[in-house]
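S.K.: Make a model of the complete structure from these sequences and hints.
Chain order of the listed sequences is W and F. Numbering-wise, the numbering used here comes out as the position in the first sequence, counting from 1, plus 14. Numbering-wise, the numbering used here comes out as the position in the second sequence, counting from 1, plus 265.
Don't read these hints as lab results, they were simulated from the structure. Any given hint might turn out to be false.
[What the hints assert, rightly or not] Partial list, computed: chain W residues near chain F (C-beta under 10 Å): (1) Leu19; (2) Ala21; (3) Lys25; (4) Arg30; (5) Ala104; (6) Arg259.
[As the list claims (entries may be wrong)] Here are the simulated DSBU-like cross-link-like pairs (lysine-lysine), alpha carbons at most 35 Å apart as the crow flies: (7) W/Lys111 - F/Lys411; (8) W/Lys20 - F/Lys411; (9) F/Lys328 - W/Lys20; (10) W/Lys111 - F/Lys277; (11) W/Lys111 - F/Lys327; (12) F/Lys278 - W/Lys111; (13) F/Lys440 - W/Lys20; (14) F/Lys275 - F/Lys327; (15) F/Lys391 - W/Lys111; (16) W/Lys111 - F/Lys346; (17) W/Lys111 - F/Lys275; (18) W/Lys20 - F/Lys346; (19) F/Lys527 - F/Lys510; (20) W/Lys111 - F/Lys279; (21) F/Lys411 - F/Lys440; (22) F/Lys409 - W/Lys20.
Note that beta-carbon positions come from the ideal geometry of N, C-alpha and C, so glycine has one too.
Spelled out, the chains give:
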Amino acid sequence: MIPILKAEFRKLLTVRSTYVILAIALLLVMLFAGFVEGVKGQTVNLLHNSGLLASESTNAIVFTGMVVAFAGLLLVGHEYRYNTIMYTLASSNRRYKILLAKFVAVSVFSIAASLFLIFFSPLCTILGAHLAGKQIGPQAFNVWSVVWHCILCGWGYSLYAFILVSIMRSQIGAIVTFLLIPMIGENILGLLLKGNVKYLPFNALQSIAVPTSLGNHTTSMHAVGVVAVYVAVGMLVSAVLFARRDAN
Amino acid sequence: MIVAQNLSKKYKKKLAVNDLSFTVETGKVTGFLGPNGAGKSTTMRLMLGLDSGGGTTTFDDKKLHDYEQPAQVIGILLEAKAFHPTRTARQHLRVLADEGGIPQSRVDEVLAEVGLTEVAKDKPGKFSLGMSQRLGIAAAILGKPKYLMLDEPANGLDPEGIAWLREFLKDYADKGNGVFVSSHLLSEMAQMADNVVVIGKGQLIAATSISDLIAKNSHSGVFVRSPKLSQLERVLTGAKADVTKFDGGLKVVGMQTDAIGKLAFDAGVPIYELAAQSASLEEAFLELTADSEEYVGKKEAK
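M.R.: Here it is in structure tokens:
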């Protein structure tokens, strides 16, 4: 199992796309948290909002968690696109080991990236405000609360992407679906479901980090439960298909 | 020894591989031949457990997934361009080494063996087909496997590369390993392979040695020319030889030159030419697979 895990991490860290994705995530955070929030546009009142920096952390995950998730999506998508899946499967005596190794690699990567973004985003805001000569008021930053909410949200995005591409086996198809579900699919479904919108996968995921921002008025734990069900069922379906389908 | 038994694979209504059984011996190169769409690649994938289907394949009496490290049992090259284009050649092999539980030190060794040391840091997305094949062969031999399974490894190689591949595979087999290789280059196969498995429309047509395959082909025979052709034909037919008129002479199948010469001498028939003719592997292959071609071009009307 350890050699396969090493291989999956090596795959993730030896392709250009991983670094491009990370760079995009960092640039987005620098742009929105640093420039838009810190340098520009903030009123004195908002800068003195004690929850400003905590919200910068959650916003960073809600908006760039999806970008980070593409690294995990590509880890699997590339295997099918470039047909390396044949070699990956032929080199192991059990297919589930490979899926498990990919799951671990995607999880570790997304958690590490989320952890970094959680602190990088408020840092950008502080730096931006400082460069603009503004003063940020006293902040209430419950590190533990922010960290677990944000990490679960970031991890959830990556697992959704991972499950989608594992089932679809098409890089382009998975990317399009991953973008369309939260942006269009859930918005349309939200009109039909109204109060039950909190049971939709991406809606629930975002509610982990920002429980009331989407008008769901749900709790983080409830949202975690909904996401856990989606992930568990998705992983089960992925595992069954991964073990049984032809390697192409 | 690799033993493939009753392999079968069905795609919707089409039977791609139909109850196929054969063996790949150690110490020999076994060629795998068949027309386009005959099911060669599908058979290889079935043998490796990459596709689901019927039948079993054992490698020294054990199924591949019963080995802890399958990559150290069989090295494969199923597709030349199966690599990430932006991961360097060395990193590509390092990934495969990790997956197969193979020491990283092997990576540079195999790169040198296939002549890719100079481009080890390059991204293979820009490699020519020949270089990609070499990288694929490097990947196949990474784990020093007892068996090699290569699908069209000579595609895209230049003449020097083909000669290198031929010698390399023969040497590999001579060390007591088994090599199973498919190719459309029949002249190369004739020089390289000891045994051959021929399939058509997913079914086994022949599994024998190259020399046996050629010898049993109807294009093999003896050409004989004489001023008394009709008399000679009667003599040979009477001796139960298979005789046909051919190019101003007779083509005799089922009788050796010595016997034909003696019969002609005894009958007082002068002989102007008496020559044994061996069929090429190409002729044998074309004859064997004549009914199995699925994709045949139209012949131009004259």
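S.K.: Under the constraints set out in the numbered hints, which ones does this structure not fulfil?
M.R.: none
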